[in-house]
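Residue numbers (our numbering), protein chains in the order written: chain U, 1 to 286; chain E, 1 to 235; chain P, 1 to 333.
These aren't lab readings, by the way, just hints derived from the structure by calculation.
One thing to keep in mind: the hints can contain errors.
[Unchecked claim] The calculated lysine to aspartate or glutamate pairs, modelled on DMTMM-like cross-linking and capped at a C-alpha distance of 25 angstroms, are:
1. E:Lys71 x U:Asp33
2. U:Lys174 x E:Asp87
3. E:Lys106 x U:Glu175
4. U:Lys162 x E:Glu97
5. U:Lys160 x E:Glu97
6. E:Lys15 x U:Asp33
7. E:Lys6 x U:Glu175
8. P:Lys134 x U:Glu216
9. P:Lys134 x U:Glu220
10. U:Lys160 x E:Glu109
11. U:Lys160 x E:Glu116
12. U:Lys174 x E:Glu86
13. U:Lys174 x P:Glu191
14. U:Lys185 x E:Asp87
15. U:Lys185 x E:Glu98
16. E:Lys15 x U:Glu175
17. U:Lys162 x E:Glu107
18. U:Lys174 x P:Glu193
19. U:Lys159 x E:Asp108
20. U:Lys160 x E:Asp132
21. E:Lys15 x P:Glu191
[Stated by the list, open to error] Distance ranges between label pairs, derived from CB positions:
22. P:Arg111 x E:Asn39: 29 to 37 angstroms
23. U:Leu149 x P:Asp143: 43 to 51 angstroms
24. U:Leu4 x P:Arg136: 24 to 32 angstroms
25. E:Thr127 x U:Phe276: 34 to 42 angstroms
Don't be surprised by glycine CBs; every beta carbon is placed ideally from N, CA and C.
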Amino acid sequence: MELLTNLTINGLATGMLIFLLAAGLTLIFGLMDVLNFAHGGLFAWGAYSSVWFYALTDSFVLAILGAILTGVILGFITEKLIIKPVYGNHVQQILITLGFMLVLTEMLKVVFGPNQIAVRTPENLVGSWEIGDVIIIKYRVFIIIVGFLVFGIFQYILKKTKIGLIVRAGVLNKEMVQTLGINIKNVFLYVFIAGASLAAIGGALFAPYSGVIYAEMGMEYAILGFIVVVIGGMGSFPGSLLAAILVGLVGSYMAYYVPSLSLAVNMIIMAIVLIFRPQGLFRAKG
Amino acid sequence: MNTLLKVDGVHTHIKQYHILQGISFEAIEGQVSVLLGRNGAGKTTTLKTILGLTPASQGRITFRDIDITKKPTHGIANTGIGYVPEDQGIFASLTVEENMKVAMRKEDEATLAKREYILDLFPDLKTFWKKDGGLLSGGQKQMLAMARAFVGNSKLLLIDEPSKGLAPIVIEKVMEAILDMKKHTTIVLVEQNFIMASRIGDTYTLIDNGETVQSGLMQELIHDEQVKRKYLGIG
Amino acid sequence: MTSKYQWNNIFLSIMVIALFIFPFVTDSRTWTILLTQIFIFSILAMSYDILLGYTGIVSFGHAMFFGMGAYTTAVMLDRIEPTIGVFVLSIATGMLITGIISFIVGLLTLRLKSHFFAMLTLALSGLFLVLAEKWRSVTSGNDGFTFRAPEFFKDRMMFYLVVLVCMVVVYFVLRRFVQSPLGHVLVAVRENEQRTKSLGYNTLHYKVIASVVAGVVASLAGSLYAISLRFVNTSVLTMDITLDALLMTIIGGVGTLIGPIIGAGVIELSQHFLSGLAKDYPIFERWIIFFGILYILVVIFFPSGIVGTIRQAFHKRKKQSVGKEEQSNSEEL
Ligand SMILES: Nc1ncnc2c1ncn2[C@@H]1O[C@H](COP(=O)(O)OP(=O)(O)O)[C@@H](O)[C@H]1O
Ligand SMILES: [Mg+2]
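Excised from the complex, chain U in its bound form (with noise of 0.2 angstroms):
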C-alpha cells in the first residue's frame, strides 16, 4: 500500500515535469506546425536559472519568476532567430532545432560549468506528512498541485479568452484566422513564449525534485517530452495532461519493478502510437 501510494505519487510528480515540458510543444505544434528540437534546453535552463536565482535570493517563489523570465527572453530569442527564418520547411525546422538544442546546452556549460549543480529542497517545501502508515513526501505533492494548477490555467485562457479562442482557430485553420485580420505571426510569437516559459516552469521545478541538475537533461527530458506529445496527440493540450500522466506512472512503476525497462517501455508506447495510431491515444479526429 505504502509502495504503491509512493510509486503513484512519484509517477504523478514526473508526468507533470514532463506535462509542462510536453504542453508548450504541443501548443507550438499544434498552432505553428513546428516541431520544436530545442524545446529540452528551454526546461534546462529553466532548471539552471531558478537555482542561480535561488541560491541569489534564498526565494524559491523569485526563483520560479526568475526561471519565467529567462523561459520568456529564450522563447522570444527563439522564435525571432531560429524558427522564423524556417516557417513552413519542415527538413530546415528539425534541422535547425537540433542544432539550437546543442547551443544551448553547451552554453549551459559555459555559463554554469560543465558539472552537474546539487540542488536543495525550499525550506517550507521539506519534508513528509504521514498517514497512517504512509509517507508522503511533500515537494511531489507541490509539484503536483502546480501541474494542475498550470493545466488550469491555460485551459481557462485557451476556452475563455479571446486570445485562446484565436490560437485555438490558429490551431484549425492559419490562413482564414489571418484573412480575418488577425496578425497570425504575433500568436506565433506569443504561444512560443507561452511554451518556452511552461518548460521553463517545468525545469524549475524539476531541479529541487530530482536533487541535481546537469546539461543533457534537457534532451532526456525532451525526449518524454516528445513521447507525450505524440501519445496524446499533437496539438492536443488535454491528451498532453494524460499522456504526462501515463507516462510518468508508467516509468515510475516500471523503474521498480522492471528497472532495466522503464525508458524502453515509453519509447515502445510511443512507438506503437505513432505506428499504429499517429493522431494520438486521446485524440479523436486526425
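Once you've looked at the hints, dock chains E and P with the ligands against the given chain U.
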C-alpha cells in the same frame, strides 16, 4: 459612382507557375461585381491575390485609394475586406458563436448590430448557436462563412462560389441573402452558376487562362450569346 | 550534368592521388590516424546524405546502423579470431543485419511525416542504445571491450589505405546509385513527395530502398571505426554519432556526396584543432558551440552547404557568360 477596389494589371506566381497573367477590374461601391470564367481560369487565385494570400508579383491593387498590393493578409483584411473562401474555411471544432467571435475585432454597438442583422438573415445560425461549425450542413456552413466575413466590419466582401455543391433551394436562400447584404456592403462574387450570377450581378469580369478577357455590365452579357458560348460553355 | 561531374572528377582524382601518396611521404602518426578517421566519417556522412540530401528524410537514428556495424565487427573478431577473413565476413554480416533491420524499420516508419519520423528514429535509436547497455553478455554494456585487430592492420598505414579505398569505392557506388533512374525518383520524392506519388510511384518503396542503402553503408563505416579503435562501447550508438553525420552533411553540402566528405574533413580537422586550443583557452573545450552556431547559420543562410554554395556561384557565373537558360543543377534542401 465610387470605385472601392481597383485591380490593375495583376500577375501572380505560385512557386514556378505563372498563374495570373494580367487581371484588371474594378468594384464599384454598393454593387455586386461578378468574376466569371471556367474552372481553373484563375478566379480563386484572383481573390487570394487581393487578400495577399498569394501576393501579386506585378501590378497594383488599391482599396479605398490605399495601395494594398504589398500588405500582409491581416493588414489587408483590416482595411475592410472580408473573405468567404471556396471551402468556407469554417473552424470545425469551434461553435457557431466562436466562429463569429474570431472575426469580431470589437464588440461595440455597431458590430453587435451587424451581428443581429446577419443572424436575422440566417436564422439557422441562431438555432445552432452553440453547435460545432463542423457539424453544420453545407448550406449552413456557407451562411456561417458569409455571416462571419460580414461581421468583421467589412466594406467589401469577396465571396468564392457560394452556390457550389448546394441544393437549388438553398442556393435560392443564399442568393436572397447576398442581395440583402448588398444594401450594406460591396461584393465581389465568383460564380459559375450563370443564372445566379446574372440575377445578382451588376457588372461582370470575364477571366480566362489567368487573364481578364473583358468586363462590362451584366445586362449586356446576358444577351451576348457568342461570349457566353466561347468562355462559359453556355447559351 | 556532365560539367558538374567533370569538375568533380578532376578534383577528386587529384585529392585521391594526393591522399594515396600521403602516407609514403610523411610518417606522422597523428595525421595518419586523423585522416583515417576523416575517411571513416566521410563514409558515414555520405550514407546520411542519401537520406537527407537525396531523399529529404531527417533521421535521428542513423547511429543505430553505425553501431550495429561496429558491434558486429568487434564481436566477431573477438569471438572467432582476428583475421582478415573474419574481418571481411564481419563487414558482410554487419551489412546484412543492418540491411534487414533498416528494411523493417523503414517499412514501419517511413510512412510517417517528417516530424514524426524524426522523433520515432530518435526513440528507436535510444532503444537500441538501452538494449546494448543491458545485453552485457555480448556488448559488455557501457564499459565496452577491447579486441585484437587482424595482424594486417597492425600497420596503421595499411589500415589507412584500406579505409581510403573503401571511401573511394563507396563514393563511386553511391554516385552511380543517385544517378540511376532510382536515384532520380528519390530526388523527386525530396522535391515533392505528393506529386511523385500522383505520378504513380510508390514513394514508400523508394524511401525504404534509400534507407536500406544508407543503413548498409553506415554499417560499413561502423565496422571500420571499431577496427580503428580496437575497442567498442555503447558510444557508437549515441546521438553524437548521428549529430556528427548530420553536421558533416549539412556543412559540406547536402545532396552532393562530395560535400559530406569535405564536411567530415572540416569538422574532424577543426575539432582536432579546437580541442588543441582548449589547453590555453578553456572556452574551446566547448567547441561544439562553434559548430552548433556555424550549423545554424549554414541552415539559414547557406542551406546548400560549402559544395552546394560553390556550385551555385559557379553555375550563376556560367549562366551569365553563356547567357542561356539552364536549370540549376545544384541540389538544395
Ligand atoms: N497552389 C497552386 N499550385 C499550383 N498551381 C495552382 C495552385 N493554385 C492554383 N493553381 C492553378 O492555377 C489555376 C487557377 O486556379 P484557380 O484560381 O483555383 O481557378 P478557378 O478558381 O478559376 O477555378 C489552375 O490551373 C490551378 O491548377
Ligand atoms: Mg475556384
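Hint by hint, here is what the structure shows:
Restraint check for Lys71 of chain E and Asp33 of chain U: satisfied, since their Cα atoms lie roughly 24 angstroms apart, inside the 25 angstroms limit. Restraint check: the Cα-Cα separation between Lys174 of chain U and Asp87 of chain E comes to about 14 angstroms, which is no more than 25 angstroms; the hinted pair holds. At most 25 angstroms may separate the alpha-carbon atoms for a hinted pair to count; Lys106 of chain E and Glu175 of chain U meet this at roughly 21 angstroms. Between the alpha carbons of Lys162 of chain U and Glu97 of chain E the distance comes to roughly 12 angstroms, so the proposed pair stays at or under 25 angstroms and holds.
Between Lys160 of chain U and Glu97 of chain E the CA atoms are separated by roughly 13 angstroms; this keeps the pair inside 25 angstroms, and the hint holds. Using a Cα cut-off of 25 angstroms, the hinted pair Lys15 of chain E and Asp33 of chain U holds, with the two alpha carbons roughly 21 angstroms apart. The suggested pairing of Lys6 of chain E with Glu175 of chain U holds, with an alpha-carbon distance near 23 angstroms, which does not exceed 25 angstroms. Restraint check for Lys134 of chain P and Glu216 of chain U: the C-alpha separation of about 21 angstroms stays at or below 25 angstroms, so the hint holds.
Taking the CA atoms of Lys134 of chain P and Glu220 of chain U, the gap is near 18 angstroms; set against the 25 angstroms cutoff, the hint holds. Among the hinted pairs, Lys160 of chain U with Glu109 of chain E is consistent with the structure: their alpha-carbon atoms are about 22 angstroms apart, no more than 25 angstroms. Taking the CA atoms of Lys160 of chain U and Glu116 of chain E, the gap is about 22 angstroms. The hint holds against a cut of 25 angstroms. Our distance criterion of 25 angstroms between C-alpha atoms is met by Lys174 of chain U and Glu86 of chain E, whose separation comes to about 16 angstroms.
Between Lys174 of chain U and Glu191 of chain P the CA atoms are separated by roughly 24 angstroms; this keeps the pair inside 25 angstroms, and the hint holds. With a C-alpha separation of about 24 angstroms, the suggested pair Lys185 of chain U and Asp87 of chain E falls inside the 25 angstroms cut-off, and the hint holds. Under the criterion of a C-alpha separation no larger than 25 angstroms, the hint pairing Lys185 of chain U with Glu98 of chain E is consistent with the structure, at around 21 angstroms. Only pairs whose Cα atoms come within 25 angstroms are accepted, and Lys15 of chain E paired with Glu175 of chain U is accepted, the gap being roughly 18 angstroms.
Our distance criterion of 25 angstroms between C-alpha atoms is met by Lys162 of chain U and Glu107 of chain E, whose separation comes to about 11 angstroms. A C-alpha spacing of about 23 angstroms is found between Lys174 of chain U and Glu193 of chain P, which places the hinted pair at or below 25 angstroms, so the restraint holds. Our distance criterion of 25 angstroms between C-alpha atoms is met by Lys159 of chain U and Asp108 of chain E, whose separation comes to about 22 angstroms. Restraint check for Lys160 of chain U and Asp132 of chain E: the C-alpha separation of about 16 angstroms stays at or below 25 angstroms, so the hint holds.
Annotation: proposed proximity of Lys15 of chain E to Glu191 of chain P holds, straight-line Cα distance about 12 angstroms (limit 25 angstroms). The supplied range of 29 to 37 angstroms is met by Arg111 of chain P and Asn39 of chain E, whose beta-carbon atoms lie about 33 angstroms from each other. For the pair Leu149 of chain U and Asp143 of chain P, the supplied restraint of 43 to 51 angstroms holds, since their beta-carbon distance comes to about 45 angstroms. Checked against the given bound of 24 to 32 angstroms, the beta carbons of Leu4 of chain U and Arg136 of chain P, roughly 31 angstroms apart, stay inside it.
For Thr127 of chain E and Phe276 of chain U, the hinted distance range of 34 to 42 angstroms is satisfied, since their beta carbons lie about 40 angstroms from each other.
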